[in-house]
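Engineer: The lines below spell out each chain.
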Amino acid sequence: MGELVIRATVNGAPRRWTVAPGDLLLDVLRREGYWGVKNGCETGECGACAVLLDGEPVNSCLVFAAQADGRRIETVEGVAAGDRLDPVQEAFLDHGGVQCGYCTPAMILVTRALLARTPRPTEDEVREALSGVFCRCTGFKKPVEAVLAAAARLADARPAAPPAGRKPARKAAAR
Amino acid sequence: MSGASPPSPPSRRAVVGRRVRKVDGFKLVTGRTAFTDDIALPGLLVGRILASPHAHARIRDIDTRRAKALPGVHAVLTWKDVPRVPHTTAGQAWPEPSPYDTYLLDSKVRFVGDRVAAVAAETRAVAEEALRLIEVDWEVLPPVLDMEHAMDPGTAVIHDEPDATGIRDAARNLAGDIHTHIGDVEAGFRESDLILEREYRTPRQQHAMLEPHIVICWLDADNRLVIRTSTQIPFHVRRQVAMILRIPVSRIRVIKPRIGGGFGGKQEMVLEDLCAALTLASGRPVKLEYSRHEEFFMARTRHPQILRLRMGVKRDGTIVAHHMRVLAATGAYGSHCTTVQGNTGSKVLPLYRAPHLRFDCDVVYLTTPQAGAFRGYGCPQGYFAQESLVDEIAHELGMDPIAFRLKNAIRQGDVDELSAQLGEGKKGLPRTIRSCGLPECLEKGAAAIGWKEQRNGGVRRPGRLLRGVGVATTMQGSGIAGVDFAGAFLKANEDGSFNLQVGATDLGTGSDTVLAQIAAETLGVSLDKILIYSSDTDFTPFDVGAYASSTTIISGGAVKKAAEKVRDDMCCFAAQLLDAPPEDLVCRDNRVFAPGGKSVSMAEVAVHALYKEKTQVMEGASHFNTDSPPPFCATFAEVEVDTETGRVRPVHLVTAVDLGVAINPMQAEGQAEGAVAQGLGYALAEELVLDGRGRPANANFCDYKIFTAKDMPKLTTILVETEEPLGPFGAKSIAEVGINGVAPAVANAAFDATGLRFRRLPIRPDAVLAALGGRR
Amino acid sequence: MFDRLRAFHRPATVAAALRLATAERRAGGRGAFVAGGTDLVVQGDGSLRWVVDLSLLPLRYVRRRGAGGGWTIGSTTTMADLERSAALRRFADGVLCDAAATAGSPQIRNRGTIGGNLANASPACDLAPPLLALDASAVIAGGAAGARKAAGGRRTVALERFFRGPGRPALNGGLLVEIVIPAPPVPRGGRAAWAFQKLGRLQSDIAVVNAAAGVIVGSDCRCRWARIAIGAAGPTPLRARRAEALLVGRPFDRDAAQAAAARAAGETRPVSDVRATADYRREMSRVLVGRALDECLERMGRDPWASW
Ligand SMILES: Cc1cc2nc3c(=O)[nH]c(=O)nc-3n(C[C@H](O)[C@H](O)[C@H](O)COP(=O)(O)OP(=O)(O)OC[C@H]3O[C@@H](n4cnc5c(N)ncnc54)[C@H](O)[C@@H]3O)c2cc1C
Ligand code: FES
Ligand code: FES
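Chains as they are written, first to last, in our numbering: chain A, 73 to 247; chain B, 41 to 816; chain C, 2 to 309.
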């Protein structure tokens with residue numbers, strides 16, 4: 073079986089893996105100790121396996137590991153700085169957005185991607201962003217509140233953004 | 041999104057009643073190893089199950105030689121290789137009330153997906169290749185797929201094995217039956233001014249917890265069998281595996297790590313026995329898990345039911361008599377069969393204080409996926425029927441549905457005698473209502489949904505989009521009276537922290553947090569001083585497990601007792617330091633206070649006890665209740681019906697719930713909201729469909745639709761607090777009750793919008809469209 | 002799942018991709034192109050021996066066509082690219098963006114490509130109806146048919162002829178390079194509008210039925226050109242030509258729209274499955290085509306007759 077060597081950046085650190093041609097990114101990440109990447113269906117529906125690939129959320133169960141060669145991967149393990157939680161993680165805890173926690177890594181990652189693109193999302197935009205992560209526990213009310221709270225926290229933390237800077241985001245949101 | 045209105049907790053409580061973070065939250069948001077599969081074991085083999093392709097067949101012969109010869113295969117098991125011990129997989133207290141009709145592996149299969157053989161191999165690929173190499177000589181038998189004909193003479197007998205026990209009438213495919221009554225319904229009907237009789241049908245719903253069933257087994261250094269499993273019932277699993285594999289309980293250790301949801305689907309020994317058998321056969325660690333596809337039909341489902349209800353009322357709206365007849369299918373095996381169905385009667389009928397109640401129920405076997413426990417445990421079916429019928433009767437009488445319910449609903453001080461007739465597997469105990477906030481639930485819920493303004497009145501108006509509102513009132517229990525019990529153990533550490541060990545099983549519900557809050561409040565310490573651990577059969581005390589809405593009230597009761605003992609011990613030692621009588625001391629803020637205000641820290645007390653008095657402060661306690669106080673719930677739905685597509689879209693769901701005292705209001709709301717999401721699926725989308733040969737037609741998330749963030753309507757959760765004397769700090773339960781009223785509230789709202797009654801779940805667009813067309 | 006896979010090629014050019022595929026096919030063994038993998042991996046064909054990954058090909062683009070106007074879209078352009086393309090949003094009422102935005106979840110749209118969507122040839126694929134309503138064609142390189150011509154030769158197939166049956170695109174092993182959308186024939190003083198409609202069981206779902214409509218009216222407010230395309234209502238996405246004919250030459254108004262919708266439903270050939278019954282699909286074809294045409298009317302400024 074022809075093995076491949078792939079190089080990717082995971083949570084900022086360069087990684088070099090030997091994989092089989094048919095290996096999927098989900099399995100390789102878990103094999104390499106990124107346990108936060110969860111398997112909930114293996115058919116691209118539930119989103120539990122979501123990671124960020126060059127900053128955009130994808131379901132790692134549908135990505136061949138070979139396709140990750142040369143790319144930037146973020147998993148939930150890279151979100152906190154040591155013991156210091158990211159505002160998104162804090163918000164999920166403070167707002168009851170976590171129940172069993174199986175969907176939580178994916179929720180946190182898609183939230184990070186959303187807020188990077190749309191710092192002040194509307195509730196509809198939040199629901200759209202979370203729509204690819206199934207959660208059987210929460211009914212989504214608290215996760216949605218957590219995302220909105222995280223957005224607010226991050227916006228407040230951002231060093232004095234000029235008020236004009238926020239407007240376009242709002243407009244896009246209204247669309 | 042309108043927020044919930046959290047009631048302000050009694051201000052004197054420092055921890056109970058607060059919206060604190062989950063105690064296990066950190067590891068979950070950081071993705072650290074928490075779940076069953078999050079470990080790397082050297083030499084781990086992968087187990088796979090050969091699933092039956094036939095709904096009903098006998099294995100004439102099975103040849104595993106080629107599979108065994110495949111390099112990388114370490115064990116192949118068929119019925120020939122394992123002990124034959126009839127058992128039930130239901131996770132219930134011993135002696136289980138479910139029939140012993142199941143075998144580790146059998147020479148007969150009873151549904152598509154039933155176990156034929158199991159393999160453990162170096163990789164999943166090798167294991168699957170080995171499965172393909174197993175040759176089975178089948179004698180295919182006629183499938184039995186229609187519950188209405190399962191008992192017909194001449195139908196194939198599903199459980200014809202001689203050694204099964206506890207089956208009501210195997211020759212007729214009757215797994216169990218229940219016949220019970222109070223008063224005399226026929227006399228009641230004669231007194232009634234209006235009698236309505238209606239039939240309702242409910243689907244095979246699947247739990248679809250995000251983490252499918254998974255088990256990892258290995259032999260430890262002492263050659264003991266370790267079972268690391270995603271379960272709600274570690275102690276029952278230990279007992280069952282010991283019995284099935286004929287090894288002593290002392291040889292087994294069950295570890296329950298974090299669980300990715302259960303909802304009753306893991307109140308069952310689903311894979312542990314087979315994984316353990318593969319470990320024993322191979323001598324290697326083995327992982328056995330269901331793929332999502334397998335989870336849908338090889339795990340468990342909710343029992344589908346056909347319910348026929350007949351209710352008689354007086355013109356003034358007084359319910360006189362109610363006769364509920366239920367036909368339910370348990371599928372291939374009878375796990376939870378009479379207890380789930382018993383609940384359909386005992387937790388539903390008594391909601392209305394009619395003098396004449398009767399419940400008749402048959403539970404039949406089918407050659408279909410196995411039913412089992414599922415959040416609500418028989419109540420969602422019963423309440424869909426009862427609350428739809430009650431709504432219809434109120435409409436017929438021209439009464440407001442809320443007024444009708446208030447007039448008839450059980451209230452504080454009432455004794456529900458039907459529960460005494462229907463215990464878990466034996467005579468139960470009468471249920472005294474010591475707390476009931478149902479009127480307040482109805483009042484607050486009605487205000488939140490805009491009951492007066494939004495009601496359309498069940499008349500069909502012109503227009504493409506029709507809106508309506510509906511209500512349902514429901515209750516549940518809090519633990520199984522006289523059956524459920526739990527233990528808790530606490531010990532003090534020298535820094536004033538306490539280890540709390542419980543057998544209670546947090547499956548994502550947040551029970552670890554709630555139990556830690558109870559301990560902290562009782563001990564007068566902050567939450568971070570409680571180090572809770574659950575559950576490991578070697579280290580934590582017994583607990584029946586996480587089911588029947590029992591954890592807060594039963595396990596919580598045990599924790600409170602243990603904490604009270606430890607608090608008293610701490611006070612005794614503090615008394616020595618403070619020079620005051622122990623009974624005058626007060627624990628709060630991590631300190632022990634004497635009447636004059638003098639105090640010592642818990643840490644000082646612990647150090648004193650340990651190093652001066654040479655005493656480890658530690659206490660255990662057990663707890664059980666002889667009654668099961670019901671939480672009450674009023675669910676309101678506003679829906680929009682698209683008359684062109686037949687789609688019923690929920691717009692707003694209000695859950696007003698009397699849960700006693702909320703130990704953690706944030707988590708309590710989360711339980712209610714999650715229940716609504718599952719309830720909406722039950723009402724509008726979820727059904728495991730089988731084809732004419734019993735094969736699943738939608739065993740994947742693409743065609744088994746569950747509600748996503750985009751599908752969920754606006755949710756309002758209202759916690760109505762009452763003081764329950766039997767619960768720790770006045771708590772009852774919250775985990776299940778919220779699911780019961782969703783489907784009937786939605787159906788009643790759809791009626792309010794269209795004037796049409798929908799008596800079959802899920803309410804499918806094509807059925808709605810057909811009904812609308814019929815009226816046009 | 003893909004345990005038999007022994008070669009994973011990642012070519013950088015179309016020519017190299019075709020060369021690798023040809024060589025692998027000669028050597029025997031099943032194989033496939035893969036782009037986003039959102040169909041291929043889910044289908045999980047364990048017999049695959051080789052894969053040629055298209056993600057490194059320079060085919061991720063949305064370009065204005067030179068001379069006659071219109072657009073070309075590279076086959077590895079993702080659903081998310083389409084959804085967010087500011088240029089396409091301004092073209093044909095953003096009908097392609099709207100359709101792309103309904104496909105799967107955000108994670109699926111970040112991977113799934115236009116090429117994969119069409120090459121998978123599912124009757125329910127969401128990009129087919131709008132592309133059919135835009136008279137799009139597929140540009141294919143290589144493959145059995147292409148090989149007969151000059152090596153590396155390209156052929157253009159009208160999208161309507163591209164779908165031969167469920168899972169059967171007219172590729173013959175060739176590589177879908179790009180989609181070409183001609184400039185719509187809007188006459189001077191005329192108006193045009195497009196709309197996409199989709200019905201799933203829940204919000205995010207494979208279509209139970211989907212439909213797109215495009216209408217061009219002349220300055221006389223008579224319909225000059227009409228396209229009605231429906232998905233998941235037959236073995237392939239289909240054009241409802243008789244319904245289109247009903248519109249052309251007549252004033253475009255609500256009545257015409259409703260009549261066309263009813264006729265379009267008659268042109269479908271739906272099946273019953275676990276998602277919906279055939280009858281329901283037929284009825285929904287009428288509803289969705291009606292809604293799409295209504296939306297076109299609305300976009301043209303409601304009743305064109307009124308302003309005439
Ligand atoms: C959870 C989920 C939800 C989905 N929802 C939707 C939906 O709502 N609507 C919808 O339309 N689709 C949906 N899809 C299907 C899928 O995402 C789309 O069809 C997607 O566009 C496929 O693109 P891809 O790049 O991932 O294709 P791939 O999986 O990479 O390829 C699909 C097929 O096309 C072939 N192929 C790909 N590119 C080319 C090319 N350039 N030339 C020749 N052959 C090629 C491959 O060999 C393969 O046979 C969904 C899929 C999933 C998993
Ligand atoms: S595991 Fe990848 S989407 Fe479910
Ligand atoms: S918290 Fe359990 S699946 Fe989301």
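Watch out, some of these pointers could steer you wrong.
Unchecked claim - Now the stretches of chain A that chain C is said to cover, found in silico as 3 or more residues with beta-carbon under 8 Å:
| # | region |
| --- | --- |
| 1 | 75-88 |
| 2 | 125-136 |
To be verified - From the derived model, a few chain A residues whose C-beta atoms are all more than 12 Å from chain C:
| # | residue |
| --- | --- |
| 3 | A92 |
| 4 | G116 |
| 5 | E117 |
| 6 | D141 |
| 7 | G142 |
| 8 | A153 |
| 9 | E162 |
| 10 | E200 |
| 11 | L202 |
| 12 | A227 |
Bear in mind the hints are in silico, worked out from the structure with no lab data behind them.
Just so it is clear, the structure is predicted and the values come from calculations on it, not from any experiment.
From the three backbone atoms N, C-alpha and C, an ideal C-beta is built for every residue, glycine too.
Engineer: Look at each hint and say if it fits the structure.
Structural biologist: Now the hints, each set against the structure:
no.: 1; hint: 75-88; verdict: violated (count 1)
no.: 2; hint: 125-136; verdict: holds (count 9)
no.: 3; hint: A92; verdict: violated, 7 Å
no.: 4; hint: G116; verdict: violated, 6 Å
no.: 5; hint: E117; verdict: violated, 8 Å
no.: 6; hint: D141; verdict: violated, 7 Å
no.: 7; hint: G142; verdict: violated, 9 Å
no.: 8; hint: A153; verdict: holds, 25 Å
no.: 9; hint: E162; verdict: holds, 23 Å
no.: 10; hint: E200; verdict: violated, 7 Å
no.: 11; hint: L202; verdict: violated, 9 Å
no.: 12; hint: A227; verdict: holds, 22 Å
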